[in-house]
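Peer 1: Single-letter residue listing:
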Amino acid sequence: MKREKNTWTRALKAALGTLYSMTPMLLAVIGLVGLFQTYITPEMIHSFFTGSALYDTLIGTVTGAISVGQPFISYIIGGGLSQQGLSLYAVTAFILSFVTLGVVQLPMEYTLFGMRFTLVRNLLSFLFSILVSVMTVWTLEVLL
Amino acid sequence: MDAGGAAVTVSEREKSFGRILLLIVISLYLLAALFDPASAGQALMKSLSVLKNIAPVLLIVLFLMTLLSAYIQPQKIFHYLGRKSGLKGWGIALGGGVLSHGPGYLWYPILSDLRARGVNEGLIVAFFYARSVKVPWLPMMASYFGIAFTVILTFYILLAAVIQGKIAEKIIPPQSTI
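Just so you know, the sequences run in chain order A and B.
Positions 112 to 255 (my numbering) are the ones given, in order, by the first sequence.
Positions 274 to 451 (my numbering) are the ones given, in order, by the second sequence.
Simulated from the structure, these hints should not be mistaken for laboratory data.
All figures in this text were calculated on a predicted structure; none of them were measured in a lab.
Hints may contain errors.
In silico lysine-lysine, DSS-like type, Cα no more than 27 Å apart, as pairs [as the list claims (entries may be wrong)]:
id, chain 1, residue 1, chain 2, residue 2
1, B, K325, A, K124
2, B, K439, B, K357
3, A, K113, B, K349
4, A, K116, B, K349
5, A, K124, B, K288
6, A, K124, B, K349
Not close to chain A: a few residues of chain B, all C-beta gaps over 10 Å, as computed [unchecked claim]:
id, residue
7, K349
8, Y353
9, R356
10, S358
11, K361
12, G364
13, G368
14, G369
Just so you have them, the derived chain B footprint on chain A, three or more residues with Cβ under 8 Å [what the hints assert, rightly or not]:
id, segment
15, 131 to 141
16, 184 to 198
17, 229 to 236
Positions of the beta carbon are idealized from the N, C-alpha and C atoms, including for glycine.
Work out the full structure, taking the sequences as your base and the hints as a guide.
Peer 2: Pasting the structure below:
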């Protein structure tokens with residue numbers, strides 16, 4: 112029983128130590144989130160789109176990657192863009208990259224996982240945001 | 274029960290990078306405060322609100338890291354989440370990704386910890402992508418874009434998570450921190 116308690120205490124201390132060491136990085140990322148949320152507004156995101164499906168899908172992926180916030184924000188922006196006549200490809204790419212890519216968290220990802228992992232993961236996420244959006248809209252069009 | 278293994282420590286390089294990044298962000302706030310105090314204050318309030326919201330998730334992360342460090346044997350991790358874990362590993366990665374809550378960066382410490390203990394890189398990549406299925410927000414997505422869109426997108430996200438994981442497995446050497 113005592114041994115069990117010691118194991119738990121030692122593990123808790125170690126976990127606290129790890130999280131404490133990461134605190135500056137975590138605070139930096141949270142600080143960046145506040146800055147991005149203030150300076151990159153939904154109106155600014157709306158202004159990037161042109162109406163061309165191909166170009167807008169790419170823009171949707173990039174703007175999703177630089178946007179930050181709760182996922183529902185991407186649905187609200189995406190819903191608004193869709194009502195304005197923007198292609199569903201672009202809207203889907205935007206809501207996907209909104210949650211899978213994150214410019215603000217790149218420094219932390221690079222520090223903890225290394226350059227190669229960060230590069231590979233983000234490049235794959237970028238490409239697959241486009242691919243998944245195309246496949247989703249195609250499937251939807253075939254089925255409905 | 275024996276301890277699973279010492280917690281993976283954060284290297285000096287990681288610590289100093291974190292401090293430098295924090296200094297840069299503080300400088301950005303100071304610059305913003307100088308030229309646009311209202312927006313700087315707004316950004317700070319938003320950051321504080323994020324901090325308040327993520328506190329419960331941080332507790333979950335702390336609990337999981339403690340559990341991992343205390344009771345989970347490295348051999349077991351290797352068995353369930355290593356390169357030869359098979360379908361079980363992919364299931365755990367996808368399920369974990371879908372169920373994990375809060376911002377992705379909160380999960381970085383525990384994932385880098387798991388990676389250092391031998392977890393397959395492909396599974397970590399799959400976990401990250403599967404996180405884009407946000408169960409609590411699915412009804413809202415369905416109300417905006419329809420049920421068919423939500424179901425199809427969810428299916429493709431999970432499929433894409435596995436494909437990306439498989440590609441990453443081939444490209445990223447185990448324990449790559451270069």
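Peer 1: Against this structure, judge whether each hint is valid.
Peer 2: Against the structure, the hints come out as follows:
Of the supplied pair hints, the one linking K325/B and K124/A holds, its CA atoms being roughly 23 Å apart against a limit of 27 Å. Restraint check: the Cα-Cα separation between K439/B and K357/B comes to about 12 Å, which is no more than 27 Å; the hinted pair holds. Under the criterion of a C-alpha separation no larger than 27 Å, the hint pairing K113/A with K349/B is consistent with the structure, at around 24 Å. Proposed proximity of K116/A and K349/B is supported: the alpha carbons are some 22 Å apart, at most 27 Å.
Distance hint between K124/A and K288/B is fulfilled; the C-alpha atoms sit about 18 Å from each other, no more than 27 Å. Restraint check for K124/A and K349/B: satisfied, since their Cα atoms lie roughly 22 Å apart, inside the 27 Å limit. Consistency note on K349/B: stated as away from chain A, and its beta-carbon is indeed over 10 Å from all of that chain's, at 15 Å minimum. Non-interface call for Y353/B relative to chain A: holds, since the shortest CB-CB distance, roughly 19 Å, exceeds 10 Å.
Here R356/B stays apart from chain A, with its beta-carbon at least about 15 Å from theirs, past the 10 Å limit. No Cβ of chain A approaches the Cβ of S358/B within 10 Å, the least distance being about 19 Å, so the stated non-interface status holds. Every beta carbon of chain A lies more than 10 Å from that of K361/B, the smallest distance being close to 22 Å; the non-interface claim holds. Under the 10 Å C-beta cut-off, the non-interface status given to G364/B relative to chain A holds; the minimum distance is some 20 Å.
G368/B, annotated as away from the interface, keeps every beta carbon of chain A farther than 10 Å; the closest lies near 17 Å. The claim that G369/B is not at the interface with chain A holds, since no C-beta of that chain comes within 10 Å of its own (minimum 15 Å). Counting residues of the segment 131 to 141 of chain A whose C-beta sits closer than 8 Å to any C-beta of chain B gives 10, which meets the bar of three, so the coverage hint holds. Figure legend: the segment 184 to 198 of chain A, annotated as covered by chain B; annotation consistent (5 residues with Cβ-Cβ distances under 8 Å, at least 3 required).
Proximity of the segment 229 to 236 of chain A to chain B, defined as three or more residues with a beta carbon under 8 Å from a beta carbon of that chain, is established by the 4 residues found.
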